[in-house]
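Number of protein chains: 2
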Amino acid sequence: MNISLDQLSTFGREVFRQAGLNQANATIATDALVAADSWGIHTHGLKNLGGYVKRLNAGGINPLGQPRVTAEGPAWARVDGDASLGMIGSTFAMQQAIRKATASGIGFAGLCNSCHFGAAGCYASLAADEGMIGIAMCNDTPTVTVPGARGPVLGSNPIAYAVPAGEQLVLLDIATSTVAGGKVFSAAALGESIPEGWIVDEQGRPATDPSTFPGKSTLTPMAAHKGYGLALLVEILSGVLTGAAVAGGVLSYAYEDPSKPTNHGASFVAIQIEALMSRTEFDKRMQSLINEIKNAPKVTGVQHILIPGEREQKCKSKALEEGVNLPDDVWAKLIEVSEFSGIDLPVD
Amino acid sequence: MNISLDQLSTFGREVFRQAGLNQANATIATDALVAADSWGIHTHGLKNLGGYVKRLNAGGINPLGQPRVTAEGPAWARVDGDASLGMIGSTFAMQQAIRKATASGIGFAGLCNSCHFGAAGCYASLAADEGMIGIAMCNDTPTVTVPGARGPVLGSNPIAYAVPAGEQLVLLDIATSTVAGGKVFSAAALGESIPEGWIVDEQGRPATDPSTFPGKSTLTPMAAHKGYGLALLVEILSGVLTGAAVAGGVLSYAYEDPSKPTNHGASFVAIQIEALMSRTEFDKRMQSLINEIKNAPKVTGVQHILIPGEREQKCKSKALEEGVNLPDDVWAKLIEVSEFSGIDLPVD
Numbered sequence: 001m002n003i004s005l006d007q008l009s010t011f012g013r014e015v016f017r018q019a020g021l022n023q024a025n026a027t028i029a030t031d032a033l034v035a036a037d038s039w040g041i042h043t044h045g046l047k048n049l050g051g052y053v054k055r056l057n058a059g060g061i062n063p064l065g066q067p068r069v070t071a072e073g074p075a076w077a078r079v080d081g082d083a084s085l086g087m088i089g090s091t092f093a094m095q096q097a098i099r100k101a102t103a104s105g106i107g108f109a110g111l112c113n114s115c116h117f118g119a120a121g122c123y124a125s126l127a128a129d130e131g132m133i134g135i136a137m138c139n140d141t142p143t144v145t146v147p148g149a150r151g152p153v154l155g156s157n158p159i160a161y162a163v164p165a166g167e168q169l170v171l172l173d174i175a176t177s178t179v180a181g182g183k184v185f186s187a188a189a190l191g192e193s194i195p196e197g198w199i200v201d202e203q204g205r206p207a208t209d210p211s212t213f214p215g216k217s218t219l220t221p222m223a224a225h226k227g228y229g230l231a232l233l234v235e236i237l238s239g240v241l242t243g244a245a246v247a248g249g250v251l252s253y254a255y256e257d258p259s260k261p262t263n264h265g266a267s268f269v270a271i272q273i274e275a276l277m278s279r280t281e282f283d284k285r286m287q288s289l290i291n292e293i294k295n296a297p298k299v300t301g302v303q304h305i306l307i308p309g310e311r312e313q314k315c316k317s318k319a320l321e322e323g324v325n326l327p328d329d330v331w332a333k334l335i336e337v338s339e340f341s342g343i344d345l346p347v348d
Numbered sequence: 001m002n003i004s005l006d007q008l009s010t011f012g013r014e015v016f017r018q019a020g021l022n023q024a025n026a027t028i029a030t031d032a033l034v035a036a037d038s039w040g041i042h043t044h045g046l047k048n049l050g051g052y053v054k055r056l057n058a059g060g061i062n063p064l065g066q067p068r069v070t071a072e073g074p075a076w077a078r079v080d081g082d083a084s085l086g087m088i089g090s091t092f093a094m095q096q097a098i099r100k101a102t103a104s105g106i107g108f109a110g111l112c113n114s115c116h117f118g119a120a121g122c123y124a125s126l127a128a129d130e131g132m133i134g135i136a137m138c139n140d141t142p143t144v145t146v147p148g149a150r151g152p153v154l155g156s157n158p159i160a161y162a163v164p165a166g167e168q169l170v171l172l173d174i175a176t177s178t179v180a181g182g183k184v185f186s187a188a189a190l191g192e193s194i195p196e197g198w199i200v201d202e203q204g205r206p207a208t209d210p211s212t213f214p215g216k217s218t219l220t221p222m223a224a225h226k227g228y229g230l231a232l233l234v235e236i237l238s239g240v241l242t243g244a245a246v247a248g249g250v251l252s253y254a255y256e257d258p259s260k261p262t263n264h265g266a267s268f269v270a271i272q273i274e275a276l277m278s279r280t281e282f283d284k285r286m287q288s289l290i291n292e293i294k295n296a297p298k299v300t301g302v303q304h305i306l307i308p309g310e311r312e313q314k315c316k317s318k319a320l321e322e323g324v325n326l327p328d329d330v331w332a333k334l335i336e337v338s339e340f341s342g343i344d345l346p347v348d
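Taken in order, these protein sequences are the chains called A and B.
Be aware that the first sequence starts at 1, since it is given in the numbering used here, and climbs by one per residue.
Be aware that the second sequence starts at 1, since it is given in the numbering used here, and climbs by one per residue.
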């Protein structure tokens, strides 16, 4: 059952409009979510619309929130998200990082008073659209343990980057946990078990039942102390340095009192390639690196070595032509929102 | 068998002086290596002195090399390492990032024409010494495979960060491979086998004999596609964007013709905390985060949850008091250098 990106966007915008957002903000928020769906990252796309709307209706997210710069310098800005949707504050904050990078070569923007921002890659790619290298990250309510602990300590604190390379987009968007919580939720919704290593139980022992998450199990950090260390950097740059809530202070946008702001933090970096090197030279050097990786000897049975973002770009091209084939659990969520809001969900 | 940090420094400086470096550069290079040893990161400390001296003597590293800024803007600088030791170019480049961050809030410095830089954490910590958040990374000759490939494709491309938190230093220094190559070399030198998962053989199958590395085995990326993606970001920021050699173009400082420059690249970011937030507030917020992590419920048998860098700081305090207890393989390397150079290796 396919749905076109335009139809998805129309649905998202109308739902957000009904929840009180103005047209501009409804479009910004929808664009970020539909971008994730177009890349096949359905755990962070319109699937979460219902959760956002619930908070918008209850007041924990301010439908009239308008992010603003509260302090700035030549290459940095602090942004207050005004308790608006995470997608709105994050898009605005990355635009500030891009503005600073345009003037100074590199720009950093720290965002507080925000909410769950969806897919980090959406914001990183905004910089790439401007011919820049973009990096985006955010903190989240704790769902991930750290070495030695037996409960949640830090969020899944994702990091994404995007680099333009000619017509190609190199894009990585990863949780610093072994897998993102969304993958565990999807497995639970689909009734599947999950591989050992993704979660641990309340005693810190390996567990495989996704339905225990997040109450009775915890995500593991990717590569043990390495993922812990990277998650902590994300927490410092996105939470500590921005004035947002930190670690256990960040509320879950999905599980906690929807009338309270979650106060997520996020941070964004843009690097202006042309400050350091002409785009022609950079693209040539990127192409040479990409060729070298793709031409490496392959293990038996492998036809192609993928560059990060290649799968997402192919997915998007296909989605633009044929529409998106949403997984069942995502459809179920969209149908719920459609029924609740009375807004039709158009289907091809 | 203990040796004091001062004695180690004296030995390092004299060896570098004999190899033709001036006093200032001999001190800079030694400081970076001894810092790694003081933290217990012996794989990236003075152990590698012999390898550096071999290249200095053969001309692949220029003993008279003096790094310089070749282009700069408000928040960025491009640095040419002049084929000097990696420690010299990297210290200079991080100083430029700090200078830019002082002026603009954040600074980026890209370094080309450098060499193996030792422990990335040394440069990140230079920024922390100035009350800034420091990030350091570099590319290296390929020793790590990527998903789908069966030989080396990218370097172990380390990432380090350092954050000052009151009197404490939060410090992470990790290879983007499952483990750094140096750990495999150490196991080989000590005649130990290594756990499955660190390396794969020429067909891409798991292997456990460290003596096969690097000729007949390859490191694995940490957390599969996640480590691959992060290594690629390091390669882009440190190699592609700086004008340095990229991936297979980077020579091994240890294995390849010592008369040729290796042309490693590296990149450095400094973020001025006080631009965004007072140090008092930042320290308070950091302390609260650290307390929250340390007070988390622990798995049975664990007394303390470690903060990244805590082990290194304890190691350094102990080294300052009692000297360093170098592992046997490091001693063996230092004795070799002492015999080769005729410079005495003082022992307590």
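Source of the hints: derived by calculation from the structure; they are not laboratory data.
The reader is advised that the hints may include incorrect statements.
It does not matter which identical chain is used: a pair holds within one copy or between any two.
Listed below are the simulated EDC-like cross-link pairs for lysine to aspartate or glutamate, each with C-alpha atoms no more than 20 angstroms apart in a straight line [claimed, not checked]:
1. K298 to E202
2. K294 to E256
3. K294 to E202
4. K260 to E321
5. K294 to E130
6. K298 to D201
7. K298 to E310
Contradicted hints - numbers only: 2, 4, 5
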